[in-house]
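Novice: Below, each chain spelled out in residue letters.
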Amino acid sequence: MPKDTGIGASTKRREDVRFLTGVGNYTDDVNIYGQAYVHFLRSDVAHGRIKNIDTSAASGMPGVVRIFTGADFEGVGGIPCGWQITDRHGNPMQEPAHPVLAQGKVRHVGDPIAAIVAETLEEARDAAEAIELDIEELPAVVDMKAAVADGATKVHDDLENNLCYDWGFVEENREAVDKAIKEAAHVTTLELVNNRLVANPMEPRVAVGDYNRADDMSTLYTTSQNPHVIRLLMGAFVLGIPEHKLRVVAPDVGGGFGTKIFHYAEEAFCTFAARQLKRAVKWTSSRSEAFMSDAHGRDHVTKIELALDKDNNFTAIRTETYANMGAYLSTFAPSVPTWLHGTLMAGNYKTPLIYVNVKAVFTNTVPVDAYRGAGRPEATFQLERVVDKAARELGVDPVALRRQNFITEFPYSTPVAVEYDTGDYDATMDKLQEIADFAGFEARRKESEKRGKLRGLGINCYIEACGIAPSNLVGQLGARAGLYESATVRVNATGGITVMTGSHSHGQGHETSFPQVVAEMLGIDASMVEIVHGDTANTPMGMGTYGSRSIAVGGSAMVRATEKIINKAKKIASHLLEASEADIELKDGQFTVAGTDKSVAWGDVTLAAYVPHNYPLEDIEPGLEETAFYDPANFTYPSGAYACEVEVDPETGKVTVERFAAADDFGNIINPMIVSGQVHGGIAQGVGQALLENCAYDENGQLLSASYMDYAMPRADDVPFYQVDHSCQTPCTHNPLGVKGCGEAGAIGSPPAVINAVIDALHSGGHTHVEHINMPATPARVWAAMQK
Amino acid sequence: MYNFDLVRPTSIDEAVKALGEEDAQPLAGGQTLIPTLKQRLAMPTKLVSLTGIADIKGVCKTDDGQLAIGGGTTHGTVAKEAMADFPGLANLAANVGDPAVRNRGTIGGSLANNDPSACYPAAALGTGATIKTNKREIAADDYFQGMFATALEEAEIITEVRFPIPEKSNYQKFEQQASRFALVGVFVAKYADGVRVAVTGASNEGVFRWSEAESALSSNFSAEAIDSLSAPDGSNMISDLHGSGDYRAHIVKVMTKRAVAAAS
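Those protein sequences? They're chains F and X, same order as listed. Its first residue numbered 1, the first sequence is counted upward by one per residue in this note's numbering. Its first residue numbered 1, the second sequence is counted upward by one per residue in this note's numbering.
Looking at chain X on its own, in the form it has when it is part of the complex (with noise of 0.2 Å):
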């Protein structure tokens, strides 16, 4: 690890002020960040920790029905808290990780991270929700920009991430057996208006919504209306000594229908 400096400003005003400076770095959970820098691969001159700051923590239900959860939030407070409203959520972030990544890592940090085999990733372009930051409001469709690649700009903090709750959801991960992050992970959102099927882990893209599925599903939301579609094409997914594109593409399928079994 190279030297740096902290500072753990304790709002965003603070925050970004401090981002301001050549090669300063905000740090969330740092569950990535910290690996990277333990490595030698990055060289921040300042770290801007953003645990300091209460206004980005916490999760609470919107006046129009939706789920809002502050960018600072643990995937462990995730996991308890989203619960009762929104169970395909909460379920997801149980299985980040470990527990002490869920008690470290939080959505902001992943988000903005954007690891093609996260989690978080999935649920929120899965549901469309929208990205709030200190400077705007990004919808979940215009955020994702392939992998590691995001809509933020420098200096750009996510505060807050807002959920449309679904009628039904549920989030099939299927582990890459080492990291045990997502060698595919898929979910699925019903809404009255349709459903939205959102894949991570699989492509060399980032995260991308398998539209086939969507439209059979919105027309009939049951785990039969994908036996009839053929795998998304496994040429542009991920290949590695963990499974071949083909391999993922199929995996795709299988656990869109076990994430449409287990909705709920």
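Only chain F is shown next, with the shape it has when bound in the complex (with noise of 0.2 Å):
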């Protein structure tokens, strides 16, 4: 029976109610008395010298306020960035400074030259055009390889060249890759690209800076996914501003998908403008500047080769990757291509030895960042295309050759320096081919055929390390930052229950999740629970959410806070019922002394721990609120496999998604409907990547899907009904919960799977030749491929 309440139940969210009835509050509905609005004038080529910027005129228009330029931001920090990668010489990665406002050059279209503060948008947007720019254009850098070659323009005058660095994995692994790879008895090799893609988010970014003249209190509202890393990256990097006197708000938040971890530009120049004109400064991108200036996600240019025996074992894995960096290095970016993607190259195979290598490469595009999957997507497409070629190449069946490569014996330590706690890879392959209807697929491929189309069935498993992480180790690996998670649980007098987490929704729904757990906890109702997130003031220090981490390490760290609690809470409840704590039994809400009918609720212990005229004063404090910091022993592994049946349509390349399936692990499940929810959110980004979306820039690193005209966004008649099970569960054995995180699967399993049908289909139609396409697969080029 599925339960109503509690952990486990597929408890409504809550939050839609405000959500759908259009009373949410989202930064753009944040505004201050008196504020001023900024429009950003950004360069429109990709690669200049700023000879000149005259704003004399512009200054002068109806309701200027300031114009600022590079030249303001003298002696103010530049954008930091998070994390140091170590090359595979040891040297530190080439880290350029990334100015608020371009000083010298511009290095990408849509690099903010100026920024104009007038009284209303309109007036901005009029004196921008007001201003003369004198900037000599450079050639610029775009393709990666080239970007590295000898003599290639630099991105950046003052590093060496545009490699920001040269990654290896397990460096020490090297030569042993080399022989294995020489001796085995069949290599397969895959060229492949990772699409350059766009987040977009429903909600495009908008940051409010406000200052108090009064306490002189900064106050930055933005749409982040951490604001209490904006706190300390601005605060502490950018404009020196101490903690207690900068608070961010990220309040109801539409959409982050990654691309709203990051510290942007424009939240440091509206805190900064704010406190140089005393009066608040408001921008809203607009959905043209989005695709220009929110940090782009993938891009790796790969070749990876996969060695076997002559049984079919796994025995080797090589890959070479170029990671496009873009113009600057965005938060969290060099950390993808190596650590977020090298320790999931092992995938769901017992492959004895590995090797990647990662160049990651600066060139005069948008910076390049975590996007949902954050490299796991990377790695899982790459070694899913290879294994499945591998199949195809060797005659086998590509479930056989899986099911005999796999790990089946936990714990699991690989040769890219993870360690897998619990999985069960055949489980959830059984459970694929049982939801997708394996055994009908025969009938409907010759259904199709009969209407000419081929059908295709793909296959795939995924692996991926969520619930980032052990700090101690990320130190060790180049994070400049924890990743703990807190909470702080108040109750309150009578009984209902306020819980602070560092932990942010911006569409997980954890307003209803998280209540589930505290209530399963305590016995008591869920709508006894309420969830604060969002804002510096009122919350503990916390790391926010991406990586799937919100119920692992945020949900571990309200467990933590709640079970401090419980044992306070017993403590009153022993003196209430003049009983030995250790007697004291909390059930549905109620403290029992064991073996008795002698009770308390809930709400007598809450009040008296406010109202403690019967209290035990002098062995505990009055009041009922804990804090707990979460700092997890080891990231989880979420796994699965996944199923997509594509129609090809041979006359004209046209792909469509007929049948999709997923079988995940995720552990223990708090909520299953927002489970499915993630899953669907995640397939249908998969889907978009693979069919649909392609960031693209010309030579002149023009960039040429700027808008929906030219980027296809997945839409609803896009995506079939999805089959999703997640029934398999492996609980995770290192956190309190036993969970292992849900949000990134989606988009990190499906792409494998919808290219793989791809193939399939082609090569039921004969095209046999045909071994790979880059994604996206659109009409155009899957009839490209058809054609010899």
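Treat each hint with caution, since some may be false.
Partial pick of chain F residues on the chain X-facing surface, computed with a CB cut under 8 Å [what the hints assert, rightly or not]:
1. A696
2. D710
3. T778
Rather than coming from a laboratory, the hints here were simulated on the basis of the structure. The C-beta atom is built at its ideal place from N, Cα and C for all residues, glycine as well.
Reassemble the complex: the two chains are provided individually, in unrelated frames, and hints are given to aid placement.
Specialist: Printed below as a string of structure tokens:
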């Protein structure tokens, strides 16, 4: 029987009431008396030297308050990078300066040159047109391999070249991997592109900076997934404002997908300008601006080799990837192609030797950083494509080849430095074969053929590392932050509970699922629990939401704080019941003396804590509020198996997704409905990457896909009804809830399934020369691949 | 968006007078012009809305059996009201954009703009329609003059489009995946005296007639008649992120066959 309350219940999302009735409070809904508006004049060339910026005419335009340029930020810090990678020779990565407004050079289309603050946005835009720019256009560096060739134009004049780092992992394995590949019975090689994407959350980015002269307090309202991180980075590294004089608020946020993790120049600008002007300054990104200023995702060019012995056991994997950093290092950019990618190259398989080489490259393009899955989709895509290609080359069943090489004993230490605690890959594959109806596929293929269509079935497995992360470990790997999470559980006098969490919900439904956990632990109704997040003024220091970490890390902190609450509440109850603390049991919101009918209700205990007339004041303090910080012992390792069925129109190359099934192992599950929704959304994004989304630049660094006219987002009719299942559950062994996280799985697991299905369809139609099609597999690309 | 004045006349005469002022521009459904203004890519001093002119709205059959559609008629209205007499046209209108676009956008606005990927130009050219303005009547064959270029003069307003109703017709749109405009759209219309085939979305010259297909289909109105033709020349077709000229040329042939097979 499904539960209707607490852990495991598909409780409807309480936050949706306000979202669906238009009473959410998004950052753009924040309007402060006397606020001015800022418009950023952005570069329309990819690379150029700023020779002169003449703002004299524009400054006198109606409504203009002040025009800022890079010169106003001399002596102000630049936008910092939060992760330092050490290259394969032991040297630190090359780390360029990233000024708030361009200084000396512009380095990508969209790079902000000047910021016009005016009484209205239209006046700011009018004045921007009156600014006279003298920019000497320089050759643009766009292609990554050209960027690292000898004599290439440098994106940053003061760096040695355009190579951010050349990373090897595990460097000590390099020669052994080379040898294993040389001696292998079979080697399958694949070159592929993991296409650049634009995250496109429904809500564009917004920043409102405010300054209060009375107490010298700055406040930034911003569309962020992690307000505490923004406060730390912006306060300490950019503007020099101590945390107690800086408040960052991320209210309702309409989708993040990674791109709202990072600290952006616009946030620093609005906070800085508000202090300078002694009035609030607001910026709301247009969709066009978002395309050229939100950090992009993916953009890897990879060659992968898979070595097998004569019995088809995997013996070694070698990959070489060029990873685009764009023009500057966004907050976590260096970590994505390295520690979030290289450590996942074992996948679900017991390959003994793995070597990953990544060259991170600067180009005259928008910075690239984490996007839903962040490194793990790139690892999964190349691995699951090359395994599929190997099965085809060897003439073996792709499921059987995978099963033969599955890791089956846990814990398992991979050759790429992580230890999987639990998993059962055969179980999710079994479940997949059932829900995807593999048995009925041939009949469906014949039916498609009757209609002149080619049908293909693609499968893949995935493993991901979530719940980022043990702070001491990531510190060794170059993170300039800890990655714990925090929660304060405040029990109010009449028994209601306010949980202040360092996690941040921007679509994940924390306001619904987090109370389910507390309610389960205390035996009270979830409606008595309220979640507060997103404001540094009233939540404990936390690291925010990304990397499928909220329930695994933030939820664990909340559990720890609630455990402290229970311990203290039992002490109070034992006093009220005149019984030994060891005999007190908490069940269904009642404290009972074991083996008796003596009990006291939750609300009586909480009232006693705040009205301590009859209270053990000599032993414990009044009040009932506890804080816990939780630092995970390991990553969590969700895994699963996905299947996609496509039809290809052989006359046009158009691919339609007919069926999609996902069998995931997320460990224990708090709210199955929310988990299904997360998988649905992730698959839609994965199908979007596989078939539709293509962020493209021309050779001059002009963004070709700069609007929805050319950048194809998945729409409802691009995806089928999904079969999703998460009944295979191997609980995480090292966090108190046994949870693993589910936010990114869909986006990680689905692109290879789609492309494997397209290749399968083409082979069924006799196009057996087609080994790979780069994403997005648009009609034109599929048709071109079919032509010999 | 720059500031402008907005007037909403109720007659063609008033509209023409208002358009006589310098930098005045007509505004039909606004599905192209309003986004253009929002991007600050146009700076009219005055917009003359045509939505208040009742005379240029509606669908009716003329005495000589043509379908007459007022220039200010929305795609949504055409989709409903043309269905009985001219399903090929009604289905085209029903698949322009999304419901919001169809409830605002007009046939006159679309033809006056002549976007190279718009659907209506294929229907107008594919039927040999007559474009009626406040000044004159223009045959479709003379009206379309390349991407975004038409025979319209300043202050000339499309008041009506007259479509000869074909025996059979069909429009096949192969959508560009992002915009869902036509990557290639083919309108096929069969008349007693021959077949017309018009192609939108594909050519650098805008909408055009595929004469080889017209000849082949005029003697044998079947999908097989297209099989024996080579695809049209792709060298002057649009080549972009979404497909090469050769791909578009190939799709022209596929869509033509499908339009013939589906014609009713």
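Novice: Compare the structure with each hint and give your call.
Specialist: Hints versus structure:
1. Residue-level restraint check for F:A696 holds (minimum Cβ-Cβ distance to chain X is 6 Å; threshold 8 Å).
2. Annotation: interface hint on F:D710 holds; nearest CB of chain X at approximately 5 Å, less than 8 Å.
3. Using the Cβ-Cβ criterion of 8 Å, the hint placing F:T778 at the interface with chain X is satisfied: the shortest such distance is roughly 6 Å.
Of the hints listed earlier, there is not a single one the structure fails to meet.
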